[in-house]
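There are 2 protein chains.
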Amino acid sequence: MKLRYSPASPFARKVRIAAAVLGLTDRIELVLADTNSAEDSLRRENPLGKIPTLVLDDGTTLYDSQVIEQYLDWLGGGGKLLPAGGLDRFKTLTAQQLADGITDAALLLVYEGRFREPAEHGPRWKAYQADKVARGLASFEAAPPAAGVIDVSTIALACSLGYQDLRFEGRWRASHPRLVAWLEGFAAAVPAFEETRFKG
Amino acid sequence: MKLRYSPASPFARKVRIAAAVLGLTDRIELVLADTNSAEDSLRRENPLGKIPTLVLDDGTTLYDSQVIEQYLDWLGGGGKLLPAGGLDRFKTLTAQQLADGITDAALLLVYEGRFREPAEHGPRWKAYQADKVARGLASFEAAPPAAGVIDVSTIALACSLGYQDLRFEGRWRASHPRLVAWLEGFAAAVPAFEETRFKG
Chain A
620 MKLRYSPASP FARKVRIAAA VLGLTDRIEL VLADTNSAED SLRRENPLGK
670 IPTLVLDDGT TLYDSQVIEQ YLDWLGGGGK LLPAGGLDRF KTLTAQQLAD
720 GITDAALLLV YEGRFREPAE HGPRWKAYQA DKVARGLASF EAAPPAAGVI
770 DVSTIALACS LGYQDLRFEG RWRASHPRLV AWLEGFAAAV PAFEETRFKG
Chain S
620 MKLRYSPASP FARKVRIAAA VLGLTDRIEL VLADTNSAED SLRRENPLGK
670 IPTLVLDDGT TLYDSQVIEQ YLDWLGGGGK LLPAGGLDRF KTLTAQQLAD
720 GITDAALLLV YEGRFREPAE HGPRWKAYQA DKVARGLASF EAAPPAAGVI
770 DVSTIALACS LGYQDLRFEG RWRASHPRLV AWLEGFAAAV PAFEETRFKG
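In order, the protein sequences belong to chains A and S. Sequential numbering of the first sequence, starting at 620, is according to the numbering used here. Sequential numbering of the second sequence, starting at 620, is according to the numbering used here.
Hints listed in this document are in silico derivations from the structure and should not be mistaken for laboratory results. Please read all numbers here as calculations on a predicted model, not as lab measurements. It cannot be assumed that every hint is accurate.
For chains that are exact copies, the list does not tell them apart, and a pair is met inside one copy or across any two.
Below are the DSBU-like pairs computed for lysine-lysine, each with C-alpha atoms no more than 35 Å apart in a straight line [claimed, not checked]:
1. K745 x K818
2. K621 x K818
3. K818 x K699
Working from the sequences, and respecting the hints, build out all of it.
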C-alpha cells in the first residue's frame, strides 16, 4: 500500500509513527503528494485533496489520518493503538480529537500566511484559532497522558506538539513544563517520533 | 446525557439524526451552546469550543460528531450505524470523512464572512475550499450511496447536502441530479432528517 504524504505534515507523521509502532513500516510505500497541484493524482485518490491518504493495492483509498490509523491497528491484529471497546475507547478517541483539533487550529494559522495576501489577514480569525490552541494545550498540561501510554491519542498529541515546535518556534515549551517532560518520555519510548521529525 | 449543540450546526444535526435512528433520542437532553461566548461552559467541556459535544452524566465529555456517533452506536448495541469490523468499516468511515470534509470546507467559506471584514476576504483561500466542495460533491454524484443504507456515512452526506441547502441556496441541486434523488430517498426513510432541518 502507498501512503500519500508530505514530510512536514503533522497528520501524515501520525500515520508513519503508528505504522512503526505496529511493525508495519515495511508494508507501506511513502509517496510524496503535492496538495496544491491539480496534476497530482491525490485529488482523484481523495477529492478533498488532503494528506495523509492511504491507497491500498486494490485501489481503495482510506482517509483521514484517524481512519488510516484505525485501519493499520486492525491490520496489526486490533486493540493495540486504541481500546477495542468500552467507554475507554471513546475517551481515547476524544483525546485524539482534542490533540488533532489543536493541530487543525495551528494549521489554519499557518495557512493564513500561505493562502492570503497580508491585507487579507484576519486578526479576529487568528485570535479565535490561537485561543483553541491555547485552551487545548492548557487542558493537556493540566492532565498530561500517563507515562508509557502509546496509542492514537498520545501519537496525536506528540505530533501536535512537534508541529508547534516546527511552525511556532517551540514557544509552547516555556509555559507547559509537564507536557515538555511528557514529550521527552514519549520520544524516548517511540524512536519513530524523532525519525519522522521534519528537518527541511 | 446532554448534547451541546446549535440548531443550525450540520455536525450536531448528524448526532441528532443518529440518536433518532438508534432510538436514543429520549436519553439525550439538547442544550444550546454559544461557540462565541467565553461565558458558556462549552470551552470547559471541550477546549476546542466546538459543537457537538456530548456531556455524560458522570461529567465525561465526548467529541467530535464522529466519536459521539460511534459512542451512541455502541450504546445502542453496536454495528448499526457502521460495520463492526472488516474493510467495509474503514470504507464507511472514509465515506463519512469525505462527506464531513465537504461540510468542513463549506463551513470555512461561511466563516469567511462571519469572522472577517470584507477587505480581509481571501479569494485564493475561498477558491481552494470551494474546489474541495465541488470535487467532493462530484465524487458522490458519480457514485451515490446505495438506496436504503443508513449509516454514519449517509447521515454525514445528508447533513452536508442539507448545509449546502441552508447556506448556499441549494445551488448544488441543478448539477447533481443523482444526489438530489438519493437525498429524497434518505429523507423519506429517516424522518429525523426533516425534523432536524434548521428553519430559523
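**Asked** Quick check: which numbered hints come out false for this structure?
**Response** Of the numbered hints given earlier, the structure breaks none, since each of them holds.
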